[in-house]
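Peer 1: Top line first, the protein sequences correspond to chains X and E. For the first sequence, the UniProt record's numbering gives the first residue as 1, with consecutive numbering after it. For the second sequence, the UniProt record's numbering gives the first residue as 1, with consecutive numbering after it.
By construction, these hints were calculated from the structure, which means they are not laboratory data. Incorrect hints may appear among the rest.
DSS-like mimics (lysine-lysine), calculated; alpha carbons at most 25 Å apart, straight line [stated by the list, open to error]: (1) X:Lys35 x X:Lys72; (2) E:Lys260 x X:Lys52; (3) E:Lys260 x X:Lys270; (4) E:Lys266 x E:Lys219; (5) E:Lys260 x X:Lys72; (6) X:Lys68 x E:Lys266; (7) E:Lys140 x E:Lys24; (8) E:Lys219 x E:Lys260; (9) E:Lys726 x E:Lys702; (10) E:Lys260 x X:Lys71; (11) X:Lys42 x E:Lys260; (12) E:Lys715 x E:Lys702; (13) E:Lys773 x E:Lys811; (14) X:Lys68 x E:Lys260; (15) X:Lys71 x X:Lys270; (16) E:Lys219 x E:Lys140; (17) X:Lys71 x E:Lys266; (18) E:Lys140 x X:Lys52; (19) E:Lys702 x E:Lys798; (20) X:Lys71 x X:Lys35.
As the structure is a prediction and not an experimental result, all values here were calculated from the model.
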Amino acid sequence: MRYRISHTTVYEYSDQVSQGYSVAYLVPRDTPEQKVLRSELKVSPLPATQLKQFDYFGNTVCSFSVEKPHKKLEVRVDSEVEVAPSENRLLGSGMTCADVRQAIAGCATAADIQASEFCFSSPMIGRSNDLADFASALFSDEREFVTAVNELNNRIFEEFQYDPGFTTVATPLDEVLLNKRGVCQDFAHFAIGVLRSLGFAARYVSGYLETLPPPGQQKLKGADASHAWFAVYVPGDDWYDFDPTNGAMPSGQHITTAWGRDYSDVTPLKGVVFGGGADQILSVAVDVERVNEGSAQGQIQTQTQIQNPSQG
Amino acid sequence: MSTTPFSYSVQHAQYDEVLRPDGKVRDHWHYPMQVLQAMGPDALLERQRTAKRILRDDGASYSPGDQLNISHTWNLDLVPMILSSAEWSTIENALRERAELLNLILADLYGPRTLIFNRVIPPSLIFGNPEFLRACDGMKLQGDHQLIFHAADLIRDKSGEWMIIGDRSQAPSGTGYVLENRTVLRRVMPSLFRDAHVHRLANFFLQWRRKLTALAGGKDSPLIVYLTRGAYQENSFEDAYLANYLGYPLVQSRDLTVRKGGLWLKSLDGLRRVDVVLRRIDDCFTDPVVSRYSAGQGVPGLLEVARNGGVVIANPIGSGILENPAFAKYMPAIARHFLGRELRMNSVPTWWCGDREDMAYVRAHFDDLLIRHCSRLAGGHSVFVNELDKAAREKLLHSVLADPESYVAQQVIPPSQTPVLEGKQLSSRPLVLRGYAVASDASYSVMPGGLTHVGANADTRHIVSQYGGGSKDTWILASEPEAQVSIYESEQSRGADRSFSLPSRIIDNLFWFGRYAERAESGLRLVRTVFEELNSIEPLPRDMRCRLLESVTHVTATYPGFVAADANIDSPEQELLDVVANRGRFGSIAHCLEAILHSADGVKELLSNDMLRLINDVRDGMDYLNAHLAEKLQSAPEELFDPLITTLLALCGLSQESMVRSRAWRFMEMGRRLERAQQTIELLRHTLVEGGVESGPVSLLKPVLASLESRIVYKRYYRSGYRLEKGLELLLFDRENPRSLAFQLESLRIHLEELNGPRKSVQVGEDLRCLLKANNALLLARLPELASTDLESGTCLKLDSFLEELETDLKAAAQAIADRYFDHTAGPQTVDMGGRNLS
Numbered sequence: 001m002r003y004r005i006s007h008t009t010v011y012e013y014s015d016q017v018s019q020g021y022s023v024a025y026l027v028p029r030d031t032p033e034q035k036v037l038r039s040e041l042k043v044s045p046l047p048a049t050q051l052k053q054f055d056y057f058g059n060t061v062c063s064f065s066v067e068k069p070h071k072k073l074e075v076r077v078d079s080e081v082e083v084a085p086s087e088n089r090l091l092g093s094g095m096t097c098a099d100v101r102q103a104i105a106g107c108a109t110a111a112d113i114q115a116s117e118f119c120f121s122s123p124m125i126g127r128s129n130d131l132a133d134f135a136s137a138l139f140s141d142e143r144e145f146v147t148a149v150n151e152l153n154n155r156i157f158e159e160f161q162y163d164p165g166f167t168t169v170a171t172p173l174d175e176v177l178l179n180k181r182g183v184c185q186d187f188a189h190f191a192i193g194v195l196r197s198l199g200f201a202a203r204y205v206s207g208y209l210e211t212l213p214p215p216g217q218q219k220l221k222g223a224d225a226s227h228a229w230f231a232v233y234v235p236g237d238d239w240y241d242f243d244p245t246n247g248a249m250p251s252g253q254h255i256t257t258a259w260g261r262d263y264s265d266v267t268p269l270k271g272v273v274f275g276g277g278a279d280q281i282l283s284v285a286v287d288v289e290r291v292n293e294g295s296a297q298g299q300i301q302t303q304t305q306i307q308n309p310s311q312g
Numbered sequence: 001m002s003t004t005p006f007s008y009s010v011q012h013a014q015y016d017e018v019l020r021p022d023g024k025v026r027d028h029w030h031y032p033m034q035v036l037q038a039m040g041p042d043a044l045l046e047r048q049r050t051a052k053r054i055l056r057d058d059g060a061s062y063s064p065g066d067q068l069n070i071s072h073t074w075n076l077d078l079v080p081m082i083l084s085s086a087e088w089s090t091i092e093n094a095l096r097e098r099a100e101l102l103n104l105i106l107a108d109l110y111g112p113r114t115l116i117f118n119r120v121i122p123p124s125l126i127f128g129n130p131e132f133l134r135a136c137d138g139m140k141l142q143g144d145h146q147l148i149f150h151a152a153d154l155i156r157d158k159s160g161e162w163m164i165i166g167d168r169s170q171a172p173s174g175t176g177y178v179l180e181n182r183t184v185l186r187r188v189m190p191s192l193f194r195d196a197h198v199h200r201l202a203n204f205f206l207q208w209r210r211k212l213t214a215l216a217g218g219k220d221s222p223l224i225v226y227l228t229r230g231a232y233q234e235n236s237f238e239d240a241y242l243a244n245y246l247g248y249p250l251v252q253s254r255d256l257t258v259r260k261g262g263l264w265l266k267s268l269d270g271l272r273r274v275d276v277v278l279r280r281i282d283d284c285f286t287d288p289v290v291s292r293y294s295a296g297q298g299v300p301g302l303l304e305v306a307r308n309g310g311v312v313i314a315n316p317i318g319s320g321i322l323e324n325p326a327f328a329k330y331m332p333a334i335a336r337h338f339l340g341r342e343l344r345m346n347s348v349p350t351w352w353c354g355d356r357e358d359m360a361y362v363r364a365h366f367d368d369l370l371i372r373h374c375s376r377l378a379g380g381h382s383v384f385v386n387e388l389d390k391a392a393r394e395k396l397l398h399s400v401l402a403d404p405e406s407y408v409a410q411q412v413i414p415p416s417q418t419p420v421l422e423g424k425q426l427s428s429r430p431l432v433l434r435g436y437a438v439a440s441d442a443s444y445s446v447m448p449g450g451l452t453h454v455g456a457n458a459d460t461r462h463i464v465s466q467y468g469g470g471s472k473d474t475w476i477l478a479s480e481p482e483a484q485v486s487i488y489e490s491e492q493s494r495g496a497d498r499s500f501s502l503p504s505r506i507i508d509n510l511f512w513f514g515r516y517a518e519r520a521e522s523g524l525r526l527v528r529t530v531f532e533e534l535n536s537i538e539p540l541p542r543d544m545r546c547r548l549l550e551s552v553t554h555v556t557a558t559y560p561g562f563v564a565a566d567a568n569i570d571s572p573e574q575e576l577l578d579v580v581a582n583r584g585r586f587g588s589i590a591h592c593l594e595a596i597l598h599s600a601d602g603v604k605e606l607l608s609n610d611m612l613r614l615i616n617d618v619r620d621g622m623d624y625l626n627a628h629l630a631e632k633l634q635s636a637p638e639e640l641f642d643p644l645i646t647t648l649l650a651l652c653g654l655s656q657e658s659m660v661r662s663r664a665w666r667f668m669e670m671g672r673r674l675e676r677a678q679q680t681i682e683l684l685r686h687t688l689v690e691g692g693v694e695s696g697p698v699s700l701l702k703p704v705l706a707s708l709e710s711r712i713v714y715k716r717y718y719r720s721g722y723r724l725e726k727g728l729e730l731l732l733f734d735r736e737n738p739r740s741l742a743f744q745l746e747s748l749r750i751h752l753e754e755l756n757g758p759r760k761s762v763q764v765g766e767d768l769r770c771l772l773k774a775n776n777a778l779l780l781a782r783l784p785e786l787a788s789t790d791l792e793s794g795t796c797l798k799l800d801s802f803l804e805e806l807e808t809d810l811k812a813a814a815q816a817i818a819d820r821y822f823d824h825t826a827g828p829q830t831v832d833m834g835g836r837n838l839s
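My request is simple: use the sequences and hints to build the entire structure.
Peer 2: Listed below in structure tokens is the structure:
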């Protein structure tokens, strides 16, 4: 499947900004299932410097610096990405939870060592007994690991309520656990926190989700906005993606932008400014459209959504 | 027991630096001990006092936390820490080896990570540590050295073996104190120092400068800045001292800005490109983009500039990971991995709680261990478990078990002991030696010396953590006298760098330094005059006395004061003293003095030693006032103020005589002139304007003249007695009188025109425009009109409106100066630009 994604952020400051430096994780990365055909980031006003580099995790990170006074910043990214539809991977490797725990602790291969990075507390996800307790029964030694993760994913989907007004970017995990409410980022963080607290390696994935509902099925949440989910590491095998917001494993409709230990590693757009005043108005518009190969008008669906920052 | 002969005997069970186990003096201590004994306790004590005075005069202090008021004079013990050259070479080799190893570790961790992938160290040692900055991955300085500057703390165990107990790899402190200790000791013990053939320190600093110059990549006269967190920090003395010694401008984050892919210093002469940053702040405060800990601080984008070669930062950002005390456990393996051989010096036995077996050991021996956090970011200090009560021990153990990767345990090893002068005796104290290494050529140069910390008492185990103990100059004995070297090489001899870069922040401080110094001085002089008048043999009429007191409140702006309806006019002493001494009262003299100290702290590196000494006198003057106010209230309290007024006058004089006429100096002068002009206007308006009594306001002319230090001149010029017109002539118009308004405005005009530079634009700046307006009004005014009084009220209406207008113009000029020259940027703010993944 081929997708065209456009993601526009407009930031209006109450006061003039004399200088602003920003870092963006908005250009998608290549993955085994995904190839980025093109991606372009445009900033207005024109930045004095703009760089595109790979970060520690292999993500594409763009940074730019606007050095003339401005009251409005606009960042627009247009990408085209080819995503392979993935087969049902739930049949998995057959490794038990005990096998996985032991392999990760043993760090027998370079891949294991690299994955062990995702076992620890990170800036926004602290391991805790409460998190472990939430799902320790699911991950008993003899259980098949990927099946257990799938059950955790479903449990979050069923027990947690999607509520964009409830949490903010800074809501801690124990509060999410207590209230069982939040948005995709909270659910992903929560699942990761549970898995790490149980000794597994889990990472945070940031990206987009296509909104086209398959015939006869309910429309997926997360229509045309940036999205987030998580992936777990199966030693000797690979990373498996899970989307707790939709209670599913991604299969061709998730477009990956970047991954890291948590949101703070791959924040889509953050900046440091001088001036700017206390109030800012933000609007974000995201379009994800499927490009029909062979068809001249590749567009199937376009949807634009303006988010109110008070909810974010 | 008699204290003579002056002797030292072992009072502990540890290794003693001076005495052998058989009680005989160690060879390298023979000569120094002889000299000390020959001097005797009285002479030593006298020299100790001299040393203390010098330290105080140099402003050698440290402030715990952010409390500038609690500034402790640096504590230096006169008995040096002495090491023979044989002993030293062991330590020197070990320090060099340590720096080399840490350098290799640093390059590896932010590069191929062979230590992890070859299983030399467990992955969790690094991946779980918040000081491992992933944003620094792949960054590399040119050349062999990633770690430019390193410090290690060492102790000597009972068997006489030295071992390393900790590393400082970000911005190791202490070298400034080492220099100061050496300077002072050489002054108070000159012959001992000379004859003992002590290794000199200058060469080490020369190497340091050389390395930093080399890092600029061969650029002609590169700009190297010394980056600190700023005044009011624990080590602000050291920063000013060291920056000055090394010859680099002392800057804070807000003095720097990232533009066009480079780092720039916002200097008085505009933006100047920075080549190398000597970093004296921790990783977490360098760049708000990198670290969530640096909110509101740091230079946004600094790391990216460094990554792309736009600037060199030494030590590089990310080096904090090397301070993880858990490395101690793996050092032998790391040495084998990188060097293929065993370590030259051991670290203190260390257990990392992230290791299952180690954790078991730590649990079993918990009470005997020292527990440390693997990251200083956590804010936790080292804890001797057996100093905790049972509940606290359990709590600590619980924290360790919950997050074992974040803790290490170290064996508690009592350090060696060395004598310090305590009263008239020599007593034993435990010591920790901090050694320093700087990158040079293919390896490292080790400072022949170091900072010796001694504990506050014989049994303490908290030595480095509490500066309160004391310090010693550290002597490494050379076999023969060494040649002197200068740390400035030929690079400097090409001619002085006239445009020596000063951050523009400095002028703000200097301006206010000038203003507050003048405000304090004029306020004090007024209060002194008032006291003299109160106790005069020719008392003022009651209404004039009342007006004079009210003028104190107006001039110092300590409302309500004597303007209050219930003010006690008949016994005003208490209120007057409060105006002087109440630190918490806005506008009080004490408040001004404190502001002087604050602004002086921000410009320390610009002030001469004599100026610094006067600043210390101001500090002492405040203490003196507070101590004697109560007893002096009864008789002649005005005498109390004399020493302070003299100090402030001396400060004023020195700023004229010992500061270069730079742009910076002009701001200090302008502050002073503006303040004096405004104070004079304020005083005149509240004393000489209003009529209302038969004698007229002229009866206040005498105290006003006295307060403005113009009374003697007046008496010489005008023998005819006190007349308003004559008084105004002297105080407003006389250009020869350095206290007159005309003199202040003329000086201000000259400064502002100089600052505006030779390019005469058609339009003058707003600052100069306001000033010229006031100046012209003064030039064009008619004295008889101003001195004329309204027939009915006896009030000088013309004078009042004239002064009011001048006041308005001067305020506008001051505002315009601030708008034009001072840096108003607030700190950076981090904004999450709605990037939240929301679906």
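Peer 1: Of all the hints numbered above, which does this structure not satisfy? Sort the numbers upward.
Peer 2: The structure conflicts with hints 1, 7, 20, although it agrees with all the remaining ones.
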